[in-house]
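Enquirer: Using the sequences and the hints, build the whole thing.
Number of protein chains: 2
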Amino acid sequence: MLDRQDRIERTLNTLLPALELAPGRLHAAMRYAVLGGGKRVRPLLAYGAGELSGADLRRVDRAAAAVELIHAYSLVHDDLPCMDDDVLRRGKPTVHLEFDEATALLVGDSLQSLAFQVLSVQSLADDAHRQLEMIELLARASGSRGMAGGQAIDLEATGKTLAVTELEFMHVHKTGALIRASVILGARCGDALSQAQMNEVDRFGKFIGLAFQVIDDLLDAQSSTATLGKTAGKDAKDNKPTYVSALGLDGARKLSEELRADALRALDTLPQSGGRLRQLADFIVSRQF
Amino acid sequence: MLDRQDRIERTLNTLLPALELAPGRLHAAMRYAVLGGGKRVRPLLAYGAGELSGADLRRVDRAAAAVELIHAYSLVHDDLPCMDDDVLRRGKPTVHLEFDEATALLVGDSLQSLAFQVLSVQSLADDAHRQLEMIELLARASGSRGMAGGQAIDLEATGKTLAVTELEFMHVHKTGALIRASVILGARCGDALSQAQMNEVDRFGKFIGLAFQVIDDLLDAQSSTATLGKTAGKDAKDNKPTYVSALGLDGARKLSEELRADALRALDTLPQSGGRLRQLADFIVSRQF
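Going down the list, the protein sequences come from chains A and B.
Numbered continuously in the working numbering, the first sequence closes out at residue 273.
Numbered continuously in the working numbering, the second sequence closes out at residue 273.
Mixed in with the good hints there might be a few duds.
To be verified - Derived CB-CB ranges, DEER-like: (1) Lys144(B) / Asp(-13)(A): 25 to 35 Å; (2) Gln179(B) / Leu5(A): 21 to 31 Å; (3) Pro65(B) / Ala147(A): 27 to 37 Å; (4) Gly8(A) / Lys221(B): 21 to 31 Å; (5) Gln272(B) / Gly20(A): 48 to 58 Å; (6) Thr145(B) / Gly38(A): 58 to 68 Å; (7) Arg42(B) / Asp110(A): 27 to 37 Å.
Stated by the list, open to error - Computed footprint of chain A on chain B; a stretch qualifies when at least three of its residues, placed anywhere within it, have a C-beta under 8 Å from a C-beta of chain A: (8) 93 to 100; (9) 110 to 121; (10) 133 to 139; (11) 203 to 216; (12) 243 to 253.
FYI, nobody ran anything at the bench for these hints, they're computed from the structure.
Each residue gets a CB set at the ideal place from its N, CA and C atoms; glycine is no exception.
Expert: The structure is reproduced here in structure tokens:
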């Protein structure tokens, strides 16, 4: 896993604009937001799925970088005062504190553009039509019917009590859409999987995306800020509905185990029984930060 | 020109998510930001260039919509309190006032995703590789080396005196990049132009983009808020360097005429001597709002 984390770090470092290019301060802030931190869960999922489909790793590099750039942009905007108003991210001051709010806004905007630029240059697939489909998939997963839409639902839900089905609807969009896109984009970089197997990859992505969020809620409730590298206990403080507030600690832990089991079952028919995706499911559910 | 404005309005209306789709409030705000206002200069340029290259108008619809969605997102973010903190846009309260800041942030983010979605679905060109190049072009024109980068330079320039060459560098990015992308994307939807003619289309886009900005500066200095549909006199109030502050009213007017002449000259070798692009150059330089 460390080799892949190293690989995505080097790829992102290459794809981000150099500090020497104008506007230098914006580029410095983009690099600050993206490099040197994060678990890189979405890139790892893309690599895991790409290996199963026999993809050229240099192609998966770009798919993995694109989803991480979208993720990084969403964190920068999510931390802004008008959203979560957070001061700490990946163990460092958030971008709007280290730089300023206007720069943080432009950092997020520019990282989103860069994600689509990265997916459109060079060949990601032998077939350019498939590459267009991959861009469409990332755009849908990021937009108002995906990640950004999930954040809008989250805003409206603050202060309310949600049923587990409503929570699921929110998180299927907010975190789920991009995690699903990560595995599918990785898998689409190669050709070894049948349509039935691609459907199982998608099912895996859906379950592991939800499991990821349940664990996020558990960690926010139970861990320290030092361990997380971001402010802990924020959900309760902000009166946000979470899996912990809906199900309690034990209920949320039980749900995360069920989702892991569902995710692993989806891998059964895949080459190498899912290979590294199996390890990643365990990593996501067992993680402490 | 009215038929094309009507056409882009209908296209945008179709491409924006319906109010009935969740999250409804975000979709309402996206539609508020985009529909029923604006001169649609960028779509008109795309249509004008598309006609010269013999493009299927249904393809140009999508290119025109994509550039207008990027433009609309930039206005919503630009109006936020951490940027220009403006209250009026296209004669209506800005999105963050009509809705709220967090929603305005997500509106801009979602409109950007939608622009790339619009460019990636269906055929925009007979050749999928060319369509990928068009997506790359829009991504570069929007990002840190294009429009968003120009806004970052603008932030840093506030309160400073810039030479005309520095102003030009700022505006080549801030407004110029997307206007150039509009004409090129429109032209790339068809096949009738030679590479030499495409280069002239690009030159036209460069000159007319700068002319557009010079006129913007003149209007901000001379017009009323009621005429503009946005707050007038802001540049001087915010101590922003403009063509008017650098050259005076007469100097700026003279520059806009030179740029119009340069733009028209670039059209000379094109079919129909540039057709509607010629009228658009006059419209852009003669406009009163």
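Enquirer: Note whether the CB distance of Thr145(B) and Gly38(A) lies within 58 to 68 Å or breaks it.
Expert: holds, 59 Å
Enquirer: Does the Cβ-Cβ separation between Gly8(A) and Lys221(B) fall within 21 to 31 Å?
Expert: holds, 28 Å
Enquirer: How does the Cβ-Cβ distance of Arg42(B) and Asp110(A) compare with 27 to 37 Å: does it lie in that range?
Expert: holds, 28 Å
Enquirer: Just tell me: holds or violated, for the beta carbon distance of Lys144(B) and Asp(-13)(A) against 25 to 35 Å?
Expert: violated, 47 Å
Enquirer: Can the suggested window of 48 to 58 Å be confirmed for the beta-carbon pair Gln272(B) and Gly20(A)?
Expert: Hint holds: Cβ distance 51 Å, inside 48 to 58 Å.
Enquirer: At a Cβ distance under 8 Å, does chain A reach at least three residues of the stretch 133 to 139 of chain B?
Expert: holds (count 5)
Enquirer: Cβ-Cβ distance between Pro65(B) and Ala147(A): within 27 to 37 Å?
Expert: This hint holds: roughly 35 Å between Cβ atoms.
Enquirer: Verify this for me: three or more residues of the stretch 243 to 253 of chain B with a beta carbon less than 8 Å from a beta carbon of chain A.
Expert: violated (count 0)
Enquirer: Okay, Gln179(B) versus Leu5(A) on CB: inside 21 to 31 Å?
Expert: Check passed, 27 Å falls within 21 to 31 Å.
Enquirer: Given as covered by chain A, does the stretch 93 to 100 of chain B meet the bar of three residues or more with CB within less than 8 Å?
Expert: Contact hint for the stretch 93 to 100 of chain B vs chain A: holds, 6 residues under 8 Å.
Enquirer: At least three residues with a C-beta closer than 8 Å to a C-beta of chain A: is that true for the stretch 110 to 121 of chain B?
Expert: holds (count 8)
Enquirer: Per the coverage rule (Cβ-Cβ under 8 Å, at least three residues), is the stretch 203 to 216 of chain B covered by chain A?
Expert: violated (count 0)
In this structure, the hints that do not hold are numbers 1, 11 and 12, in rising order.
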